[in-house]
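Engineer: When you get a sec, could you build the whole thing from the sequences and use the hints?
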Amino acid sequence: MKGLIHALEPAGPQAAHIASLWWFALALCALVFVAVLGALFVALRRAPRATGGTPPDVTSLHAPEPGARRSVIGAVALSSVGLIALLVASVATDRALAQLSLVDAIGIEVVGHQWWWDVHYDDADPSRTFSTANELHIPVGRPVLLTLKSDDVIHSFWVPNLHGKKDLIPGRTTTLQLQADKPGAYRGQCAEFCGAQHAFMAFLVIAEAPDAYQKWAEAQRKPAREPIDPEQARGRDLFLSGSCMLCHAIQGTPANGRKAPDLTHLASRTTLAAGRLANDAGNLRDWIEDPQRFKPGVNMPAHHVPEDQIKALVTYLRSLE
Amino acid sequence: MSATWDSTVNHQPLDRRDGATGATAATDELERTWSERPGLAGWICAVGHKSIGKRFIVTAFCFFVVAGLLAVAMRLQLARPDSKLIGPDLYNQIFTLHGTTMMFLFAVPVMQAMAVYLVPLMIGTRNSALPRMTAYGYWMYLFGGLMIFTAFAIDMSPDNGWFSYPPLAGPEYSSGKRSDFWAQLITFTEVSGLIVSVDLITTIFKLRAPGMTLARMPLFVWAMLVTAFMIIFAMPAVMLASTMLIMDRLVGTHFFNAAAGGDPLLWQHLFWFFGHPEVYFIFIPGLGFMSMIIATFARRPVFGRAAMVLSLIATAFFSFGLWVHHMFATNIPEVGKAFFTAMSMMIAIPTAVQIFCWIATLWKGRLHLRTPLYFILAFFFILLLGGLTGLILGAVPLDLQVHDTYFVVAHLHYVLIGGAVFPLFGAWYYWFPKITGRMMGERLGRWNFWLFFIGFNVAFYPMHHLGLAGMPRRVYTYGAETGWGPLNLLSTVGGAMIAVSVLLFIVNVVKSRRHGEPAGDNPWGAASLEWATASPPPACNFRAIPVVWSEEPLWEPLRRPTHVSGLAVDSREVVSTTVLDAQPDHRYHSPSPTPWPFIAAIATTVMFIASIFTPWAVVWGSIPIMIAMIAWFWPRAGETRKQLVLEKRP
Numbered sequence: 001m002k003g004l005i006h007a008l009e010p011a012g013p014q015a016a017h018i019a020s021l022w023w024f025a026l027a028l029c030a031l032v033f034v035a036v037l038g039a040l041f042v043a044l045r046r047a048p049r050a051t052g053g054t055p056p057d058v059t060s061l062h063a064p065e066p067g068a069r070r071s072v073i074g075a076v077a078l079s080s081v082g083l084i085a086l087l088v089a090s091v092a093t094d095r096a097l098a099q100l101s102l103v104d105a106i107g108i109e110v111v112g113h114q115w116w117w118d119v120h121y122d123d124a125d126p127s128r129t130f131s132t133a134n135e136l137h138i139p140v141g142r143p144v145l146l147t148l149k150s151d152d153v154i155h156s157f158w159v160p161n162l163h164g165k166k167d168l169i170p171g172r173t174t175t176l177q178l179q180a181d182k183p184g185a186y187r188g189q190c191a192e193f194c195g196a197q198h199a200f201m202a203f204l205v206i207a208e209a210p211d212a213y214q215k216w217a218e219a220q221r222k223p224a225r226e227p228i229d230p231e232q233a234r235g236r237d238l239f240l241s242g243s244c245m246l247c248h249a250i251q252g253t254p255a256n257g258r259k260a261p262d263l264t265h266l267a268s269r270t271t272l273a274a275g276r277l278a279n280d281a282g283n284l285r286d287w288i289e290d291p292q293r294f295k296p297g298v299n300m301p302a303h304h305v306p307e308d309q310i311k312a313l314v315t316y317l318r319s320l321e
Numbered sequence: 001m002s003a004t005w006d007s008t009v010n011h012q013p014l015d016r017r018d019g020a021t022g023a024t025a026a027t028d029e030l031e032r033t034w035s036e037r038p039g040l041a042g043w044i045c046a047v048g049h050k051s052i053g054k055r056f057i058v059t060a061f062c063f064f065v066v067a068g069l070l071a072v073a074m075r076l077q078l079a080r081p082d083s084k085l086i087g088p089d090l091y092n093q094i095f096t097l098h099g100t101t102m103m104f105l106f107a108v109p110v111m112q113a114m115a116v117y118l119v120p121l122m123i124g125t126r127n128s129a130l131p132r133m134t135a136y137g138y139w140m141y142l143f144g145g146l147m148i149f150t151a152f153a154i155d156m157s158p159d160n161g162w163f164s165y166p167p168l169a170g171p172e173y174s175s176g177k178r179s180d181f182w183a184q185l186i187t188f189t190e191v192s193g194l195i196v197s198v199d200l201i202t203t204i205f206k207l208r209a210p211g212m213t214l215a216r217m218p219l220f221v222w223a224m225l226v227t228a229f230m231i232i233f234a235m236p237a238v239m240l241a242s243t244m245l246i247m248d249r250l251v252g253t254h255f256f257n258a259a260a261g262g263d264p265l266l267w268q269h270l271f272w273f274f275g276h277p278e279v280y281f282i283f284i285p286g287l288g289f290m291s292m293i294i295a296t297f298a299r300r301p302v303f304g305r306a307a308m309v310l311s312l313i314a315t316a317f318f319s320f321g322l323w324v325h326h327m328f329a330t331n332i333p334e335v336g337k338a339f340f341t342a343m344s345m346m347i348a349i350p351t352a353v354q355i356f357c358w359i360a361t362l363w364k365g366r367l368h369l370r371t372p373l374y375f376i377l378a379f380f381f382i383l384l385l386g387g388l389t390g391l392i393l394g395a396v397p398l399d400l401q402v403h404d405t406y407f408v409v410a411h412l413h414y415v416l417i418g419g420a421v422f423p424l425f426g427a428w429y430y431w432f433p434k435i436t437g438r439m440m441g442e443r444l445g446r447w448n449f450w451l452f453f454i455g456f457n458v459a460f461y462p463m464h465h466l467g468l469a470g471m472p473r474r475v476y477t478y479g480a481e482t483g484w485g486p487l488n489l490l491s492t493v494g495g496a497m498i499a500v501s502v503l504l505f506i507v508n509v510v511k512s513r514r515h516g517e518p519a520g521d522n523p524w525g526a527a528s529l530e531w532a533t534a535s536p537p538p539a540c541n542f543r544a545i546p547v548v549w550s551e552e553p554l555w556e557p558l559r560r561p562t563h564v565s566g567l568a569v570d571s572r573e574v575v576s577t578t579v580l581d582a583q584p585d586h587r588y589h590s591p592s593p594t595p596w597p598f599i600a601a602i603a604t605t606v607m608f609i610a611s612i613f614t615p616w617a618v619v620w621g622s623i624p625i626m627i628a629m630i631a632w633f634w635p636r637a638g639e640t641r642k643q644l645v646l647e648k649r650p
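Sequence lines, in order, name chains F and U. Counting in the working numbering, the first sequence runs from 1 upward without gaps. Counting in the working numbering, the second sequence runs from 1 upward without gaps.
Read the hints as simulated data drawn from the structure, not as lab findings. Take these hints with a grain of salt, some might be off.
[Claimed, not checked] Label-pair ranges, simulated between beta-carbon atoms: (1) T54/F <-> V65/U: 32 to 42 Å; (2) G52/F <-> L146/U: 39 to 49 Å; (3) A302/F <-> K84/U: 13 to 23 Å; (4) P296/F <-> E481/U: 44 to 54 Å; (5) A85/F <-> L580/U: 33 to 43 Å; (6) P64/F <-> P538/U: 31 to 41 Å.
[What the hints assert, rightly or not] Covered stretches of chain F, as calculated for chain U (at least 3 residues, CB under 8 Å): (7) 10-22; (8) 25-38; (9) 67-75; (10) 148-154; (11) 252-258; (12) 261-270; (13) 297-305.
[To be verified] Counterexamples of contact, computed for chain F against chain U with all Cβ distances above 10 Å: (14) L44; (15) D57; (16) P183; (17) P227.
Even for Gly, the Cβ is constructed at its ideal location relative to N, Cα and C.
Structural biologist: Here's what the structure looks like:
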């Protein structure tokens, strides 16, 4: 799955604040590093060499060393100034992060599951809310208020190009405010160890122009497309008569499972299995037949069904744009 | 002082007393009195601090090597994207066991082990204060370690990380017994860690040679005193937490179950209230090694001794006030986080003080450049870098980006390997001659050092970049499209270099133990008391207990009295002194060898392991422990009579 991922290539104000603090802290630390190692280097160069037999110099036990004392006190004072500067910069950045205006913000609830992301778009009008999984679309230039929850263990939501991370903790609700200023696909990944497939609990945040976003959201609000040919219809029947619907939901059909990603508009998404595979027919088929091959330990069972049935199922799911 | 001392010693017939000028017969008898018994039984009964210290160090080193091999396995798996070498189930066990072993079975115990061996020698006494308890602590540590690796061998080792966060480690998401083994390992290491700490504090407070006031105490002993107190204050938190976890898992309590009113964050507070100080009680003994070795190889006392001691104590205090910086990504209120940022910055100051004092020492010293000093000098480069990235992690906004990424993996290895392992290797090169009587090979030592130093930086420096590029920790693999492949491969190459360097170290130890150059009492011309006795030290450590007049006793002219004489040679007597001024206080009868600590440790092990499978084991398992403990403490008529006789002599 392609997607930009780097903490120091900010695509929004929050990540940009953090990146500026980073460069400040890095410069300060580099300065300290060079100064201290420089002093050590000079010390090692100038001190005469000795052996174990060299008589020790114990004069310091009986006489103070004002020169060394002054240097050490001076160095400690300078270090303290540097630390205070870093502290002030850190607190100031914290304030800046908290001040992102949430006027006109889009509310998105993200629920972490082992090992995928359940995404609900909020709306004042309940009929306009909708659900998707593992892929968030957001309009460029508009703030987003993420409400983060977990259905099982602790996860952590992290899109380095947009903001730092925030944990999803069972029994608690956390929030994260971010905004994208540049269009693009930004990769995110769970950052808190959450079990066997922690490594493949990724997602995409796709920032796009406001009208493109509106178009996408309108499409997502619609129920799933009806089958347009017998093959698709057969696929739907298989989906609804088999075990799929026990866990998955497809809006507009009786399938309303909540234990696995909502598949209403599966074909509109970029990836399968939380960023594990590119979303194409071959991968979809392989995934349905043997998910353990790609994500050992994943909760989805293998489905070994006859050739014609798997074909129909894939054809139907691929039609859900 | 000598007058008051002479009047308090017991006046036995001359040939029954110790002393530097004592008769050969007395010296021989003293040696017999303090020797361990021969054979396997003697090995099990051993209570001498040198016997226990040596086996403690060797055991900890074995765990270091095994955990290091686990790290090599992880590096091989991560060397290229989408690698199928190790699956997620095994990988998660491996990284958990690597972290758990390094933290609980290597880093903390090895420092205590070094102290068990060195402290009584450095403070001029004949054994630690509570040697049987220390023996029990060692056996508990060994059995706990054997338990967890047995669990690994039968595919039952924990797989939730060394931090074992519920609910992932709780009953609902971690079925089977894996997490229970983890929680019980913590119990084993807590028992051992607390016991050894109590022993060290008692030894340091009560058994220092007459005249070794607190102000004259060697800096390593200071570091271990501070460490031992920290362990006593920090360990109960994780003890409580791991007990609550195992109760959640075994008897259905809900301490960490949000659905039943518990709270997963409670675990994090308790765990890190222990976990952060833990980093510092690994680091502070390293600072102690630094001060000892720098003084010797700069041929002068460490500059700013009082500042050094106060810095150790300040570090210990501050370390209890920064646990929340492991939890910045949770929903803790912002103002609270700012406080912990300030603390995280402040703790840098005492470390800075020490670094500047050491540089001043080197600046004004004359340098004897040998392998131990090389390892010490590496500290400045590595620890400094790790400390600076620590400041970055302490700042909330930066932490939100790099927390739980490979940036942290880089940071913690820079701090722990730079701050503790490099000084520890330096310490091994430095004290090996004392322990074995032979020098370690200098040529192999340099190879060992340079391979380790370069390999370390090649392995861990790239991880900073990987973290910023978005690579989270604890992933068993990653896709090629992330672009993390090349730096991971480089890191694996560095890991291989470290493995080779540790192998060279082992070769050097094995070779030098047999064929090394004989060391003599004081090969480095050092100042502290352990170098005043033979190498290896006799069973009684010192034929006569030295009297200390200076903070660098072997570097200053001798003053009279030079030693204390008059302790019994046929009984394990040591001198107990006052806490602050080390004025002779009384004679203390040190316990003799006994198998009961070993038997009690076996009984405790049975109870701990059985309680993983049934809570009732806590009930019936206590009975054998009680029996073993009663037998252990039961007064023996012969010994009591002998002590009474010694006590009654004028």
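Engineer: Against this structure, judge whether each hint is valid.
Structural biologist: We went through each hint and held it up to the structure:
In this structure, T54/F and V65/U meet the distance hint of 32 to 42 Å, their C-beta atoms being roughly 36 Å apart. Between G52/F and L146/U the Cβ separation comes to about 41 Å, which falls inside the hinted range of 39 to 49 Å. Judged by the Cβ atoms, the range 13 to 23 Å given for A302/F and K84/U holds: they are separated by roughly 18 Å. Remark: the range hint 44 to 54 Å for P296/F to E481/U is contradicted by a beta-carbon distance near 20 Å.
A beta carbon spacing of about 41 Å between A85/F and L580/U agrees with the range 33 to 43 Å that was offered as a hint. Between P64/F and P538/U the Cβ separation comes to about 40 Å, which falls inside the hinted range of 31 to 41 Å. Judged by the Cβ-Cβ criterion of 8 Å, the segment 10-22 of chain F is covered by chain U as claimed, because 5 of its residues qualify and three suffice. Here's how the segment 25-38 of chain F fares: 7 of its residues keep a CB closer than 8 Å to some CB of chain U, so the rule of at least three is met and the hint holds.
Three residues within the 8 Å Cβ limit are the bar, and the segment 67-75 of chain F against chain U gives 5, so the coverage statement holds. Here's how the segment 148-154 of chain F fares: 3 of its residues keep a CB closer than 8 Å to some CB of chain U, so the rule of at least three is met and the hint holds. Note: the segment 252-258 of chain F has 0 residues with beta-carbon separation from chain U under 8 Å; the three-residue rule is not met and the coverage is violated. Coverage of the segment 261-270 of chain F by chain U is violated in this model, with 0 residues showing a Cβ closer than 8 Å to a Cβ of that chain against a need of three.
A stretch counts as covered by a chain when three or more of its residues have a beta carbon under 8 Å from one of that chain; for the segment 297-305 of chain F and chain U the count is 1, and the coverage is violated. Under the 10 Å C-beta cut-off, the non-interface status given to L44/F relative to chain U is violated; the minimum distance is some 6 Å. With a cut of 10 Å on Cβ distances, D57/F falls inside the contact zone with chain U, its closest approach being about 4 Å. A cut-off of 10 Å between C-beta atoms confirms that P183/F is not in contact with chain U; the least separation is 19 Å.
Annotated as non-interface, P227/F keeps its C-beta farther than 10 Å from every C-beta of chain U; the closest such distance is 33 Å.
Violated hints, in rising order: 4, 11, 12, 13, 14 and 15; the structure is consistent with all others.
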